[in-house]
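Asks: These are the residues of each chain, in order.
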Amino acid sequence: MSLHNLSYVCSHLKNCSMARVPITSIQYTKLHLGIILGLYRHGAISHVQLGSRKGPDTEPVQVTSENISTRRLWVTLKYYNAEPVLKNALLESKPSKKKTMKLPGLKRLIEGYWAENTKPLDPGDLLFLRTDKGILEAREAVELQRGGQLLCRFTSLR
Amino acid sequence: MSKRALYQLLRTANRPRIHGNGCVKAQIARESTDATKALSEKISSEIKQEVAKLEFPTIITRSDHIQRLSKYYSPKMLKSIIAAEQTVTPDLWDKRKKAKPLFPLSYADDLAKHDPFYDLPRMPWTDFSEPHQPVPPPSDLPQTVPPDLMNTDVVEAELANNRGISRDYMRRLIVRPLVRKLVSNVTRLGKIRSFYSLVIVGDENGMIGIGEAKDRNESSRAVMKAKSKALRNMFYIPRLDNRTIFGSLENNYHGVDVQLWPRPPGFGLRVNHLIHEVAVCAGLKDLGGKVRGSRNKMNTIKATIEMLRNQVLPEEIARARGKKAVDIKKTYFSARK
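In order, the protein sequences belong to chains A and B. Here the first sequence stands for residues 1 to 158, where the numbers follow the numbering used here. Here the second sequence stands for residues 1 to 337, where the numbers follow the numbering used here.
Just so you know, the hints here were simulated from the structure itself, not pulled from any lab data. For each residue, glycine too, the CB sits at the ideal point set by N, CA and C. Treat the hints with caution; some may be incorrect.
As the list claims (entries may be wrong) - Examples of chain A residues toward chain B, derived with CB under 8 Å:
hint: 1; residue: Gly43
hint: 2; residue: Ala44
hint: 3; residue: Val85
hint: 4; residue: Asp122
hint: 5; residue: Pro123
hint: 6; residue: Ser156
Bound conformation, chain B alone (with noise of 0.2 Å):
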């Protein structure tokens, strides 16, 4: 049989089927009439070869479907069973409704080649030949074994290999533990008292990470436990010519008002113990602020950190307002390089 008729057969028998959820789903050839059987059995032999060779050659034949239901069903059975797949003619199986897989990719692919850009990993490793799914990246610590808050140095470990945090860096940062309490859980056995320790970490150059702890036996051990935290979650805040805040910041934290206004230059930090240190931590150098409502200690810190954390910049403003933002000092009164 020439190859040319082999592969007109293919197309008007069933291609194997690409479904939703990505298998290859092996198609049957139509029944024959009985004029055709002989044919259709010399063919199937001759399919099977070339099929071999192919690029999907999971196509089984009419014959051997029919065989393996055999093995299953009775023959009145088989004949019910034949008479219905015939019902299912090619323009039926295109027009077939296909099965919504849950997380349904929004184009079209069988997913058998590596994709450039949507197949994501690159590493030096991956074999390109077969699609992957995401490869986590290497990592030096133990992924088993959670980090120990109270071994700094497994902290400053996964900083400084996952981060890229010098250690240097790490040694020059300011600590400060702010709030160091008892409080006490109280359960049928009785007052369960913990040491609470509330610790900020910063650079001051714009730096800052705040921690929370408790530890049943030593407040010391609070300590240490939060300032580990306080490390992992150290973030960036910006400041206006590295000194003072954007524009004037008020924040209403559980039952803290806070209200903070930017200063000139040599001003000082003129605002609550807490906020001083934070500011201190953080870079900044000039404020004015007023603490009003509840001055928990605990929250003015948190009240603190959320709005210096969430100023709003002058080139944002800008942006929005489809604007050029131009800081004049910089543009006419900045120093030649």
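Isolated chain A, as found in the complex (with noise of 0.2 Å):
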């Protein structure tokens, strides 16, 4: 699947970060909603609502061919302390070169080690991957003993 979207989707929300924007849309695909939805379990944004190009839906709008090309995800973003909780997002994954990783080497990142040329995880960093349950981070990924496809990384440090 491409993840040339998902670039966008991180740059996006880098850029709204460093600009302190307080609400953004980007596109609503499964793919998106299930990063933005592991985002919001894990408390790094402060909502998600389904809207239209102009703003996010007050009254439950049903999805159907007919609107479906002007959905949106509407995302709020959460700042404290003057910073943004999202400080950074990095693709895992690029266009180029696509990334997997099995369970042994997603526990090695998660103690803080590298695997496989990727990075460790720092404190605050959520790293999201593609498994057959559905977009899962690093650590809810080990939990269900599942590896998967990597996604993107969204950090807390810098």
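Taking the hints as your guide, dock the two standalone chains into a single complex.
Replies: Pasting the structure below:
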């Protein structure tokens, strides 16, 4: 699957964080939804809402083939002590080079060691991967004993 | 005249108003007509007696005011002044545009009484009957003489008296003069060479201080001055398990690119020799690191200290995320007390 749009999402979220933008919209796809919900579960973002190009929906709107093209995911970003909670968003698998990792490699990353040319996880880092159980964070994947394709990493340190 | 009638008169007349800058301005009673002039003269003498017993004794009566003006102005000018003053009614006075002081209070207060919260001095010698400005705390060092940086005893005394640091603690501190070099200032008289020194001071338990100083004649004097400065600039750096940093750190400071990463216990300090010294002084035992770009001694040390100081703790990240951070080792593997 293409990671081209994911790269845009990562840079857009980083740019918005740096500019201290409160709410922003991204393309509504299954991949993006999985990652955004992962960020929400881990408290890195404040709200997730579905909406149109103009803004989030105040009332639930059913997604049909007629309105799917205008649907956007609206993300409310978090800021604490004048600093953004999401400081950096990096791609792990790039469109030019995809990265997959099995369970032993993921365990090493979580413990703070290099594995398969991948930087270890710092405190506050969220590494998302695509598994058969859906899009999971690295620690969640290890809990469910799964590996998969690494997608992107969000950092809180710098 | 009854007290009730007097108070009624004073209420309808002008009460002393408090200006924004806190001064009490005297108010002038309204001019009475010809018919009541005699009565007002009688009342004014009574008022003066009563006013002396009141809270705001600074009321000037109309006749006093006119008498005072007549000393300085001609009768024609006096008449126009009185006519102008008469245009100001109590309603107008109440609706007047109040002067905005430079640093206004956010609450309404005449500053006449000591407020238990906002008025700062609470020392045993504070006279609470009057509001005060903050009083500096007592100090046994002479305030006018600046501390002599050459004389370490004076600096130690300052730390002991003003900050409560014990002299025993100061004696056990590690002092490392890491940089000693000659610097020159080129003037019209030629090159003026000085000795420069950068000294770090640490207690091997999280506290570290950095000081730089110069001396024209002796390098040892520069070191002593820098040590004094470092002693006064000490601060705490957080450490994981008192041995390493919390997450990986990266800092770019004036061309020096320093990267540090935490390492497991027993790893040791496998870093640049200058970072090694800083780590030993601070009490860090396990570190890995790399200095890229410039390796200027002064800037490397400053870069390292800056990033050790500005570490982001896992608790802070958790607070920002709205999550609870738990140290698994302490919770599940700590020995019973």
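Asks: Against each hint, give a clear statement of whether it holds in the structure.
Replies: Structure-based check of all given hints:
1. Gly43: Where the cut-off is 8 Å and the nearest Cβ of chain B is about 3 Å from Gly43/A, the hint holds.
2. Ala44: holds (6 Å)
3. Val85: Holds: closest Cβ of chain B sits about 5 Å from Val85/A, inside 8 Å.
4. Asp122: Hint on Asp122/A: holds, closest Cβ of chain B at ~4 Å, below 8 Å.
5. Pro123: With Cβ-Cβ at 4 Å, under 8 Å, it holds.
6. Ser156: Given a least distance of 5 Å, the restraint on Ser156/A holds.
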